[in-house]
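Undergrad: Got chain A sorted already, so can you dock chains B and C onto it with the hints?
Chains as they are written, first to last, in our numbering: chain A, 1 to 223; chain B, 1001 to 1511; chain C, 2001 to 2087.
No lab work stands behind these hints: they were computed from the structure.
Here the structure is a predicted model, which is why all the values come from computation and not from measurement.
Accuracy of the hints is not assured; some may be wrong.
Derived DEER-like restraints, expressed as beta-carbon distance ranges [as the list claims (entries may be wrong)]:
#1 B:L1351 x A:A165: 14 to 22 Å
#2 A:A169 x B:T1221: 46 to 54 Å
#3 B:G1178 x A:Q52: 34 to 42 Å
#4 C:A2020 x A:T50: 50 to 58 Å
#5 B:T1221 x A:P44: 23 to 31 Å
#6 C:W2027 x B:K1192: 41 to 49 Å
#7 B:I1471 x A:A169: 34 to 42 Å
For every residue, glycine included, the Cβ atom is placed at its ideal position computed from N, Cα and C.
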Amino acid sequence: MSDRNDLMARTSLVALGAFAIMASAITVLVVIPRMLLREVQAMPDLKPYTEQQLRGRAVYIANGCVYCHSQQIRDPAFTTDINRGWGSRATVPEDYVYDRPHLLGTMRTGPDLINVGQRLPSVDWHLIHLYDPRAVVEWSTMPGFPFLFEARQPNEVRPGEKVVAVTGARAPKGVTIVAKPEALALVDYLISLNRQYPVADSLRATDRMAVGGGTHGAGGTHD
Amino acid sequence: MSAPGQPRFGSVDAARGRLTVREVDAVASARGLAPEDLDVRLRADASSRRAVLALFTVAIGWLIVGTIFGDIASIKLHSPDFLTQQAWLTFGRVRTAHLHAVNYGWGTAALIGMSLWLMPRLVHTELKGVRMAIGGAVLFTIGIAVGIVAVLAGVNDGMEWLEAPRWLAGPFLVVGGGLIGLSLFWTVASRKAEHLYVSVWYILGAFIWFPMLYVVGKWPTYSGVESAAANWFFAHNVLGFWLTAMSVGGAYYFIPKVLGRPVYSYQLSVVGFWSLAMFYSLNGMHHLVGGPLPTWMITTSIVASVFMFIPVVATAINLHMTVVGRFGALRYSPTLRFVVIGALAYTAVSLQGSFTALREVNRVTHFTHWTVAHSHVGGYLFVSFIALGAMYYIVPRLVGHEWPSEKLIRWHFNLVLAGIAIYVVALSWAGVAQGLALLDPAIPFQESVRRTLPGLWGRSLGGLILTAGHIVFAYHFWMMLRMPERATRTRPPFHEARPVLYTAEAEAARR
Amino acid sequence: MLPTSLAIAIVTVAMTLVPAVLLFWAWRRGLFRDLEAQSRVIFEPRDWRVERPWESPEDRLARKLAFGPPEAAAPGEWGGADRGGAA
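In isolation and in its complexed conformation, chain A is listed as follows (with noise of 0.2 Å):
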């Protein structure tokens, strides 16, 4: 019954070969550098995000900005990012430690955000901008956010609510725009992006492949 133990090889080989493979894959891509990864540290100058700014990264998930918007800096011997002023230095691993997930993004219908909070640092002008990208970007081909906001007749505002002082010829009439909190948190989170703080011994800059033990600036020598 060669034939029935051959099917039997075949398949198994098939089955297993396809298994072993993925799971090569997997140890190379995503186990090993998990592993490695794990050394890596923020940097003192990167904070936490506060409860109110993961609130507002909560608002940038839940609303897709990462599928416009991309996150990271780029080496500037490969790409023109920083000559664009997007930042002062490509982003590192060390970067990210506090974003769960990531928004790296892969594409920028609008710029990169990741300092942004540093280049555009007004509640006023991220609040007017999510309500009606095109009042203060007349070539803007983002989508407003109105729905984040609430249109109040004038004495209806209560105190301690944030007006958002929309003017020109877009500017809806004879009401009071009022931010809801997903608004200002999300305005919070994006002001709080900028990492244009220096780092120096970087997983990245070094390139290192050390496992374990290796904690930054422990004499980090470039090879």
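TA: Only chains B and C this time, still in chain A's reference frame:
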């Protein structure tokens, strides 16, 4: 009660897939075939019929839904004030709904349906665990729907291709997919065929690989850039080891089968399968070229992406040399029209991918619409075309009659081919223009946006034409399902073995 | 400190050696003995014989000699609907 010696193939029972052994044997002997040959194919088709038709119906439904989401998303990119009032219609949610509906709804369901039909045929046995397969298909569909509704409601897990919330949609997807997988593995385990055809490897592989990818992608404890590595490991490999694997498996079957010629070089099939597995699996980081990951990871993926030319050329030689000299067949067989173009697209999109992974090219194309156009050459011109070709072949064999309207087939094909051609050309051009503008810091960002607008309008046009084509196909499919049984009595059912047919006496004898 | 070039070298060697070894093992095991027969497994007798309107007279003759007289295509087999002719 049929008269003796007057076998009644194509009876009402046959149309419902419940063939009797007596009928089958009688047909076989009338055809001069060994009963077990005929029996096996008919039994295979009869057993998979309900599961496959259910999956195809679901798939086509998602195709319509997904295409409409795609149209909405596309219009928003050049006309951003379109439908902005409602949160659930914002671009960032609709785009994701589109991606899930077309990849996990349409593509996955259609190819699973194809696999459940194909596997019994290839291993010469009935589909085992039919109720598991159908139950699994229902649960899986619910899972996809739950995921999409959640995304539209603003609840998502945050990683591209993996947005469906793991605790909401996950249970349905895992249990449903698991049941379908069990049915398939059980069928393979019951194989009676002497040999394992190459399509079996691809389909078996796909069903082993996808669960592994899902576990990796949905692992709940990632953070930072490791989450990016896991994200793009999943997202790239779900294309190569799930959608591509089943599609290539389908192409290896339908092209030789319709042409009546074996595959050009079976040795190349072996090379193609294993080299695809080895190299594709390491490609994923090419989505992160220049990104904040250890350079060795990205370099590994670029190297693997270039090595991809080995399996791609092997498969290309195999499939194209099988067709060469017989391209006239595309005029006659809708299956071949779609599957051969799909196979050509596979070669093209893979070579395009290898090229795009190179750092020098990537620095122009990364973050642009080029990538989106590339993904549609793969997801549509390759995967969807093969799925459609498979449906054109399989559905008549399951419902017992041919496609009623040759005109609708032609309209479908012409519309979707025109639509995707316009789509890809317009969007690729927009992507390159965008990339070149982004690369030059003297060119302001707004210019990169402005230069994409004509291409984005073109893409919307292409998308609307695709939508029209899909509606035509959905209507035609609905006609196939609903054609009255009367039709099978006046025309011979469309099946491999030309049946011994209804004659006036047999009809009278039945009454 | 692992330079990128070493990573490339390791990966390339692994990607060529491992499959080469496995393929060699499979060949020794005899799994590639009858590959041509494997490529024919999907065909039924009718697939060899059915008339295909795009085939040249030489092709039809070759089929007839190898597999016997041709069978007529079922209506709709090539192209859908009743005509069975050119789309």
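Undergrad: So, against the hints stated earlier in the document, which numbers end up violated here?
TA: Going through the list in order, the structure violates hints 1 and 6 and respects the others.
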